Amino acid sequence: MNTALVIAAKDLRHRLRDRSAIVLGFIAPVLVAALMSFAFSSVEAFHADIAFVDNDHGQIAVALRTALTSRELSDVLSIESVGSEQQAGKLVDDGDVGAGLVIPAGFSAAAVGDEPVGLTVLGSPDNPLEAQVAKAVADAYVAQLNADRLSVHTALAAGVPAGRTAELAKAVAGLRLPESVEARATGYRQLTTASYYAPAMGIMFVLFAIGFTAHSFFAEQRGGTLERISAAPIGRGGVLLGKSLAAFVYSVASLTSLAVVSSLAFDAQWGPPLPAAALILAMSAALVALTALVIAVSRTERQADGIAMMITFALLLLGGNFVLISQAPDLLRKLALLTPNGWALRGFTDLATGAAATAALAPALVILGMAALVGLLAGVIGRWRAAS
Amino acid sequence: MHSVETVPAHLEQTSAQVLIASRLAKRFGDRVAVDDVSFAVAAGETYGLLGPNGAGKTTTIRLICGLLRADAGQILIAGQPISTTATPAKKSIGYVPQEIALYPDLTARENLRFFGRLYGLHGKALNHRVGKVLDLIGLSERGRDRVESFSGGMKRRLNIGAGLLHEPTLLVLDEPTVGVDPQSRHAVMESVRSFGAAGMAVLYTTHYMEEAERLCDRVGIIDHGRLVAEGTRRELVAQLGEHDHIQLTATGDLAALADRCRGLEGIDRADVKDGQIQLLATEGRRLLPAVLEAAERIGTTVRSVEVAEPDLEAVFLHLTGTALRE
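If you read the sequences in order, they're chains A and B.
The number in my numbering is simply the position in the first sequence, starting from 1, with 8 added.
The number in my numbering is simply the position in the second sequence, starting from 1, with 9 added.
No wet-lab data here; the hints were simulated from the structure.
Small disclaimer: the values here were computed from a predicted structure and weren't measured.
All residues carry an ideal CB built from backbone N, CA and C; glycine is no exception.
Be aware that one or more of the hints could be misleading.
Heads up, incomplete: computed chain B residues facing chain A, CB under 10 Å, no partners named [said to hold, decoys possible]: (1) 71; (2) 94; (3) 95; (4) 104; (5) 106; (6) 126; (7) 171; (8) 256; (9) 280.
Let the sequences and hints guide you as you build the complete structure.
In C-alpha cells:
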C-alpha cells in the first residue's frame, strides 16, 4: 500500500505540473459549465411577447385579453395591443414580438351562435416556441369557450327556459376545464440549467481524463519508467493500485472543486454534501475502471487516445451531458441509463430538485456496479493479452 | 519459474556469488530469445554479456530482474530465487535500463527520491542516499533542476544513479552507453569500474567489444540466445590458439580471393565484408606472403593489410561465424 501511495503521489505531482491537466480538470469545467448555463438559461426562464389584435371588441375578446394579462401569466407572457393584423405581422416578422394573436370581428357574437369563428395566431420561424405557446393559449381558451357553449346548448336542449339563458351562461362561465395534469420533478424545486450543466460538464471533463491517463501510462511504458518501477520490489498490484489511486483522486478533486465553485458562483444545486459526494466517488470509480479498460485493450499511446476518445464521446452523447436529458426523446432517456454518467446526472438532478438524499443511493450503486463490471472486463482482457 | 533445473556444478552457490542464472530459456511465440543460458556473477566482479543487437542480452537481463517470466531455468539473487512476483530478491538488484527511464518534468532529486521510496527508503536515510548518489554521479549542483534541462550525458549518469540508491548487491546495466558521446561514455565506464571495485556485482550488457574488454572481469558471449563462450578475456582469446586477425582492403574479385585463401594452410576463416577480406589465421604474419601472392594471381589489387592480435571481436567471429556488429 505504501508503494502504491508513492506512485500515486508521483502521478499527481506530474499532473499538477502539467498545465493542460490543471486546465482540463479544474478551470475548463467551471468555464464551460458557466457558458452552458448562460447559453441555455432561456430554457428555464421562458417569456413570450405576444401582439394582441382585437378586431372584435366584444365581451369575450375583452375577457381573453384580461385572462392573458392576468398576474398568473405575467412571468410567462407580455401582451402588447396593436391596431391591425398587418401591424402585428410586421412586429412578428421584425422579431419585436414572438407571436401574434388576432381576435376576428364577430368573435364574441359567434360564440353564442351556431357558426364559431376561429382565432388567428401569427408566428415566425425564428421564434417557433413563442408561436406554439400563443397557439396553446388560444386553443385552451377556445376549448373553454366551446365547453361553455356546449353546456348552455345542453341545458337549453334539456328544457331550461330560454329566459334563463343569461343566468345559465353566467353560471357556466364560472366553471373551468378540470386540470388533472401536474408536471413535477422528483423533488419540488425547479431544475436550473446551472444545476444540470455544472455536474454534466464536470463529468465530461473527468471522462476526458480517461485518454489523458491511458496516454501517460503508455508514455511511461515507452520511456522505460514503467519497467523500472516494475523492477522494484513491489507487486504488479501495487503499480496498478497507485496509478488507479492517482486517477481517482484527480477525478474526485476535479468534481468537488467544480461543485464548490459552481455552487458559490452560479448558485448551482448539487444537493446535500453526503449523497453528492457518494455520486462523485462512484463516478470517479467508474472513471478508473474505464481507464483500465482502455489500457487493457490498447497497445500504444495513439491507440489509447483513439479508443478513449470513442468511449468518452459515446458516453457523453448517450449519457446526456450535452443536452438536458429531461427534454430528450424517450429513447435517449432510456439509453442514458446504460451509462454511468447518465446515472450520475440522474442522481445529481434529483438532488438538485430537492429529492431526498436516498435518491442518490440507487444511481451510486448502479454506477459502482458498472465500474465493477468494466473493471472485471479490463482485468480479464489484460490477463488474456499478457498471457498471449 | 515453471521448472527447477539442476544447477550446473560450476554455478553452485558459494558465498561470493551474487547472481546465479541456471539454464534459462525464454521463447516469444516461435522465436527462441534465450536458450539454455547459465552463468554466475560474484561480488566485486563485473561480468559482461557481449553480443550483437537481438542476441538475447536484454531478454536475459529482463529475466534476471524479474520483469519477464522464464519458460525454464532458475535465477538466484543473493541466494533468493527471483520471479516476476518475488519482491525480496528484487531488493538486491539495481536495474539501469537501456532507455533514460526518468521523469523529465521532475527534478533530479525528485526522480531519485521517487525511485528510492520504491525500494523502501524514506526520511533521513533517503535524503542521505540521494545526496550521496548525486555526489557520486557529479550532479550535486543540478539536483534541483528538472531532468528535461540536462544534457544526454547527465541524463545517462542520473539514469545509473537511480539504480544505485538502495545500495544493491547486484547492479544490472543494459547497454548504458548507447547513444552517448565519447566523453560521457568514458565517465559512465569509469563509474561502472568503481562499482565493481567497491564490491558490487555488476552485470553489464554491451555490443561494444572494447567496452567489454576494458571493463569486464569476465565476459559471456551470447548469440542467437545461446551463451557460446564465457571466461576472462585471456581465456576467451586462448580459445583461438595462436591466431591473428588479418584484414585486407582490396579491389577486384574479393570472393575469389577469399576462396583462394581458404585453401591456404593455416587460414581458418576467410570472409568478405564491406569491400574487405577478414582472415583468421594461425601465425598470420608468416602467411602474409602467400596471401599476397594469391591476390596477385587472381588479379586483385591489395590496398592495405592489417594484422591484429586476436581480440574479443575475433573470438566472436571465430565462435559464431559473423562479425559482432553484423
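Checklist entry - Of the numbered hints stated previously, which ones are contradicted by the structure, given in increasing order? => result 8, 9
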